[in-house]
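A.B. asks: Dock chain B against chain A, hints included.
Order-wise, the sequence lines are chains A and B.
Position one of the first sequence corresponds to residue 1 (my numbering), numbered consecutively onward.
Position one of the second sequence corresponds to residue 1 (my numbering), numbered consecutively onward.
Worth flagging that the hints you see were computed from the coordinates, not collected in a lab.
Worth double-checking, as some hints may not be accurate.
Repeated chains share a single entry, so a pair holds when one copy, or any two copies, can fit it.
Stated by the list, open to error - With a cut-off of at most 20 Å between alpha-carbon atoms, the simulated PhoX-like pairs for lysine-lysine come out as follows:
id, residue 1, residue 2
1, Lys110, Lys87
2, Lys172, Lys88
3, Lys169, Lys290
4, Lys28, Lys323
5, Lys323, Lys45
6, Lys61, Lys194
7, Lys194, Lys162
8, Lys17, Lys28
9, Lys226, Lys87
10, Lys84, Lys110
11, Lys136, Lys166
12, Lys226, Lys61
13, Lys44, Lys323
There are 2 protein chains.
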Amino acid sequence: MREIYLDNAATTPCDPKVLKEIEPYWSKNHGNPSSFNDSGREAKKAIDQSRQKIARILGAKDQEIIFTSSATEANNLAVFGIVKSSKKTNPQPQIITTQIEHQSVLEPIKNLENWGFKTHYLSVNKEGLVDLDELKKALNPETVLVSIIYANNEIGSIQPIKKLAKIVKEFKKGSEYPYFHIDAAQAASHLDIKVNNLGVDLMTISSHKIYGPKGVAALYVRRGTKIEPIIYGGGQEFGLRSATEAVPLIVGFAKALEIVNSKKQMTNSTQEKLRTHFIKKLINLFPEIKINGPENPKDQVPHIINLTFSGIENEQLLLQLDKHGILASAGSACTSREIEPSHVLIAMGLSKEAARSSIRLSLGRQTTKADLDYVLKILPEVVKKIEDLYGSNIKEYYYN
Amino acid sequence: MREIYLDNAATTPCDPKVLKEIEPYWSKNHGNPSSFNDSGREAKKAIDQSRQKIARILGAKDQEIIFTSSATEANNLAVFGIVKSSKKTNPQPQIITTQIEHQSVLEPIKNLENWGFKTHYLSVNKEGLVDLDELKKALNPETVLVSIIYANNEIGSIQPIKKLAKIVKEFKKGSEYPYFHIDAAQAASHLDIKVNNLGVDLMTISSHKIYGPKGVAALYVRRGTKIEPIIYGGGQEFGLRSATEAVPLIVGFAKALEIVNSKKQMTNSTQEKLRTHFIKKLINLFPEIKINGPENPKDQVPHIINLTFSGIENEQLLLQLDKHGILASAGSACTSREIEPSHVLIAMGLSKEAARSSIRLSLGRQTTKADLDYVLKILPEVVKKIEDLYGSNIKEYYYN
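In isolation and in its complexed conformation, chain A is listed as follows (with noise of 0.2 Å):
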């Protein structure tokens, strides 16, 4: 059966390249960076030029890119690492983020709550943009962190990064405090991603977003930032972030974003056809259909398409896209197992029918006209299953 993967914003395939590039690095050169003998300075080498090429590609220093196992653990360091330290001078900091963080920034934050932190969850409005003044407002003297995601992993909505990080710097005229962190996780393969350029102290890149290898993503951390490990032992990554270093990784990781930078602006482009054509295509197959994200396509990361069936449950679309070989996600994957809405949509003011009744297709560089024409034949068809089995009576389906 034909097999169309929509979910590359949950993950994507590796790249064979990276493949290959990796492939030495297992059994062959596979020595241990911190080893002082000629297997582990060929394994240190390695590290040290994919940390170069990851460095370039942002407009960093070397020194200022530190690998992590995940995005999720980079985001943790950034929160922890940031809070943790400035505890030793600040007895009540307080942290600003936004409601449509991924979990990873979210439960971090939620778990300094419980130790008694305060923190401020910026809003956004029915696009899924924030506000500048609401960030102004916001911050106060106690504010040791800004965390707000570059481009939203469940409708792919832009933040206006730039605009955010000068308010940031005018508030903060010259001292230490806040930080500001970007998870740009699901922006990497799109946007601009040059740290100076955009203003931020630190970044989140993750390798499996972008065609390489799962179990290694970065934390972009600028110098001179104060910033503790959560993480300790032999004290690789220049102390921030203990453990033998995943070579094979790392040097997937390093490939994959420059094969994905190189390729960014085809691939926006080609991206941002592909979803013209399909949504002008699906209105007029569902008129009545929801398009979930900002309304100028310059603010949307081009390979997400967030769309609400109304009175459809998510769920039994996505088994029934699934037999027809088409898969596609229900908000992010690491929500997909709750029983609750996705909180980014319910942000945005969806009900929680609307939220339940939503799914997302995120496209890949493999992504065809042909595939997508292949969903737009499939879609009515399954809908009208679905609507014939259970009607749509969603509310009764779900809340007796």
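C.D. replies: The following block gives chain B in isolation, referenced to the frame of chain A:
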């Protein structure tokens, strides 16, 4: 040039059978285990099966296996996770460990000391073995965790885990604390790792020490253990370790453990013979050489040989061995870039000079008698060369 890799305690080459097992999970079955679609379910199945494989080998329940990115992370999770959880009921938790732990246990504990926590470091005798009575005396009602390295990574000494577990069990008399954690990263390929035989509550095992991929490890956590995460987010790994699971690595880790487990007896028998042969010949060549570690081979994992060449600086020796394709190591990989001499050898009573004159040769499954005979041929040459260059005045060389 011939290359003889004798740094297997730092990291092992990845088994080609493991790589073959992993292969489909990079680009073909590449789904996100949290995604509600077929690719996600396939990925989840692969993780579940790997978890089950590992659980069976450990004699554990599936849900007691928590995948992490490294043994370092697993050790950090054990230490911080238990202490964080215990803080709710115990304002002054104390931790007992040994003077010869890996940095990934020592450093988290040192970090806790900075926050005011109490600690006790069990001493070791000149063979690198702890004293049961010292543990008995150190235990007190505030003790929440006892963490002990099963087989030491530098000298290979095997601690009497069953006896230590019995002491902890008798002390706690059915109460919650203390929990007993062991770091079995270096032990897993050689010793009994059935958790119920050992009587442990938590156990760390690592993939890249047993011919599996780097970037994955696991913490066994006995059901009912009160432990909190150190990384928060999507709630993967039963809420104990968030992040998109590194499916290929997890699959490879399980395969590697399966292979290592099936070959354990044979490997031990081969390596014991190789080590006996090597040491016998070595003593003939260097009658004054000091062999560090337990006297009784039963108290030492067979793959580790730690040697002191008095008057010879270990960095020089390693560099010379490198030139002949012999890849050895100075103590653990993680300390080899430090200026401080090995804390393990110092704890055993060696002088700083002796510790700085010590190297570790660690055998692998691929090591042959011919390899070791080559080392025996080269060692006298390189030792003589260094003595000719520097004399045996290591003290002056270092401390002036």
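A.B. asks: Could you run down the list of hints and mark each one as holding or not?
C.D. replies: Hints and how they fare:
1. Lys110 <-> Lys87: Close inside one copy (17 Å) and across copies (18 Å); limit 20 Å.
2. Lys172 <-> Lys88: Within one copy only: 18 Å inside, 36 Å across.
3. Lys169 <-> Lys290: neither (37 Å within a copy, 60 Å between copies)
4. Lys28 <-> Lys323: Classified as between; 18 Å across copies, 42 Å inside a copy.
5. Lys323 <-> Lys45: For lysine 323 and lysine 45, only the inter-copy Cα distance (18 Å) is at most 20 Å; the intra-copy one is 47 Å.
6. Lys61 <-> Lys194: Answer is within: at 11 Å inside a copy they meet the 20 Å cutoff, but 47 Å across does not.
7. Lys194 <-> Lys162: Answer is within: at 11 Å inside a copy they meet the 20 Å cutoff, but 55 Å across does not.
8. Lys17 <-> Lys28: both (18 Å within a copy, 14 Å between copies)
9. Lys226 <-> Lys87: Result: close within a single copy only, 11 Å intra versus 26 Å inter.
10. Lys84 <-> Lys110: Both. Shortest intra-copy (15 Å) and inter-copy (15 Å) distances satisfy the 20 Å Cα cut-off.
11. Lys136 <-> Lys166: within (10 Å within a copy, 59 Å between copies)
12. Lys226 <-> Lys61: within (16 Å within a copy, 42 Å between copies)
13. Lys44 <-> Lys323: So lysine 44 and lysine 323 pass the 20 Å test across copies only (18 Å; inside, 47 Å).
In terms of the numbered hints stated before, the structure departs from hint 3 and from no other.
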